[in-house]
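Starting from the structure of chain U, add chain F where the hints point.
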Amino acid sequence: MISIKNLTKKFDNFTAVDNLTMHVKKGEVLGFLGPNGAGKSTTMKMITGFIKPTDGIIKVKDMNVETDSIECKKLIGYLPEGAPLYGDMTPKNMLKFVANTRGMNLHEFKVAFDNVVVQTEITDVINQPIDTLSKGYKRRVGLAQALIHNPEILILDEPTDGLDPNQKHHVRNLINDMGKKKAIIISTHILEEVDAVCSRACIIARGKKIIDNKPRELKKIFKNNNLDNIFREITLNK
Amino acid sequence: MNVLLNIVKRELASYFSTPLAYVFIVIFLTLIGSFTFYLGNFFVRGQADLNAFFAFHPWVYILLIPAVTMRLWAEERKAGTIELLMTLPLTTTQAVLGKFFAAWIFIFIALILTFPIWITVNYLGQPDNGVILAGYVGSLFMSGAYLSIGSCISAITKNQVIAFVIAATVCFIFTMSGVDIVLNFFKVWSPEFFVNTISSMSFLTHFESITKGVIEIRDFLFYLSVIIFWLFLNVVVVEFKKFN
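Here the protein sequences come in this chain order: U and F. Just so we're aligned, residue 1 is where the first sequence starts under this note's numbering, counting upward by one. Just so we're aligned, residue 1001 is where the second sequence starts under this note's numbering, counting upward by one.
Simulated from the structure, these hints should not be mistaken for lab results. Don't take every hint at face value.
[Claimed, not checked] DSS-like cross-link-like pairs, simulated, lysine-lysine; straight-line CA separation at most 27 Å:
| id | chain 1 | residue 1 | chain 2 | residue 2 |
| --- | --- | --- | --- | --- |
| 1 | U | Lys59 | U | Lys110 |
| 2 | F | Lys1009 | U | Lys92 |
| 3 | U | Lys10 | F | Lys1009 |
| 4 | U | Lys209 | F | Lys1242 |
| 5 | F | Lys1158 | U | Lys135 |
| 6 | U | Lys59 | U | Lys92 |
| 7 | U | Lys92 | F | Lys1078 |
| 8 | F | Lys1241 | U | Lys59 |
| 9 | U | Lys135 | F | Lys1078 |
| 10 | U | Lys5 | U | Lys59 |
| 11 | U | Lys26 | U | Lys180 |
| 12 | U | Lys208 | U | Lys10 |
So here's chain U without its partners, still in its complex pose:
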């Protein structure tokens, strides 16, 4: 579904993403791990077509993200870093705007809306201005916005950031459910999340991929059952 080849992004003299290659298949949930500033968000921004790579090719379902950008964007649901939303709108109007822009008609929107509101548990605040919502609600409205068109591909930048433990649990279950039918990339620095939802973990540091493996295999390789230690070992030492 998603194939990334030799992806590089340079900002002036700083290399944010360095020759990154990876693939995500349908039914996979890839956990994108790394310290702050490792290049996770930058990579996601390039997959979704928000910024352009300096070098390398990203393909979504065999379409080039740069040349077929509109078609690619139709397939992707994206929760950007920090879950930015139009604060003056209500979640309902916001979702309607996204759905309409994605070409859904009123009936399709209503069905999807009823569905997604329950999935992300935002029923209570659906008519309140987004500016007045708590961090947890905002994050879930952001998630709802990414899910509204039932995309084949989901790119979620820190989907559980700012949620309380119950909400985290709920969102993880949601990702687990969807993971069977979609290709999903989530970025996180919460390592328990990788155990909970990811079928694969890709650890990057300073823009370079260090490890790409199943969470279970990682533990075997490092003879260590704690992902935290593995993470520390590979991102600090190398």
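Using the frame of chain U, we list chain F on its own:
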């Protein structure tokens, strides 16, 4: 087309969901009204026309239009919502046009709300309503030109204050380029065709000829080409930012 319409709708709704629209409209009407009656001597002139009214439009626009356009892109960039918008399946041109048309419709609404002055002049005398209509259309076109400048400049920065100051300055330069003070500065050292080019870029000269009743297509075409030029530049700026 649907996508474009959808963006226009969202943008336009955002004007009225915040105090911005109301503050703008009240100040716009107050400024235009007081200029017309006090500085323009609407009554003292003893003429049934709206020249005293239209004469101040460029100046009010210089001040107020950058206030409308400064947020168009700078705010989206600051809040991060630009990432949301630009990862939806739409082209940069659609986003630029959507924002521009919403702002233009908003100015159109503000302009329509000046209708009491039109009623006043018709009550007091027999003005040439054709000329007045041309003045309104000319003013709308001119406002579009200011808006396109402001929109483009707003895309350069994420700081709204900077967007305002630069846009107001550029608008001022384009307005004043037909006035002798500016032209004399160029006359000293540059060839005549260059001076003529600068003076022909003036928003003021084109607008004055429209409000005087000299209605020529080329004055409207002038504003239209200014709009297209700046909106094109706007698209280029937004596209260029994808590389940084």
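We went through each hint and held it up to the structure:
Of the pairs offered as hints, the one joining lysine 59/U and lysine 110/U is violated, with about 32 Å between alpha carbons and a cut-off of 27 Å exceeded. Our distance criterion of 27 Å between C-alpha atoms is met by lysine 1009/F and lysine 92/U, whose separation comes to about 15 Å. Straight-line distance between C-alpha atoms of lysine 10/U and lysine 1009/F comes to about 37 Å, which puts the hinted pair past the 27 Å bound. The straight-line distance between the Cα atoms of lysine 209/U and lysine 1242/F is roughly 23 Å, inside the 27 Å bound, and the hint therefore holds.
Note on lysine 1158/F and lysine 135/U: the hinted pairing holds, with a Cα-Cα distance of about 23 Å set against a maximum of 27 Å. Restraint check for lysine 59/U and lysine 92/U: the C-alpha separation of about 32 Å exceeds 27 Å, so the hint is violated. Only pairs whose Cα atoms come within 27 Å are accepted, and lysine 92/U paired with lysine 1078/F is accepted, the gap being roughly 23 Å. Between lysine 1241/F and lysine 59/U the alpha-carbon distance is near 22 Å, which keeps this suggested pair within the 27 Å criterion.
At most 27 Å may separate the alpha-carbon atoms for a hinted pair to count; lysine 135/U and lysine 1078/F meet this at roughly 18 Å. Under the criterion of a C-alpha separation no larger than 27 Å, the hint pairing lysine 5/U with lysine 59/U is consistent with the structure, at around 8 Å. For the hint pairing lysine 26/U with lysine 180/U, the CA-to-CA distance comes to about 8 Å; that is within 27 Å, so the pair holds. A threshold of 27 Å between alpha carbons decides the hint, and for lysine 208/U with lysine 10/U the separation of about 13 Å falls inside it, so the pair holds.
The structure fails to meet hints 1, 3 and 6 from the earlier list, while all remaining hints are met.
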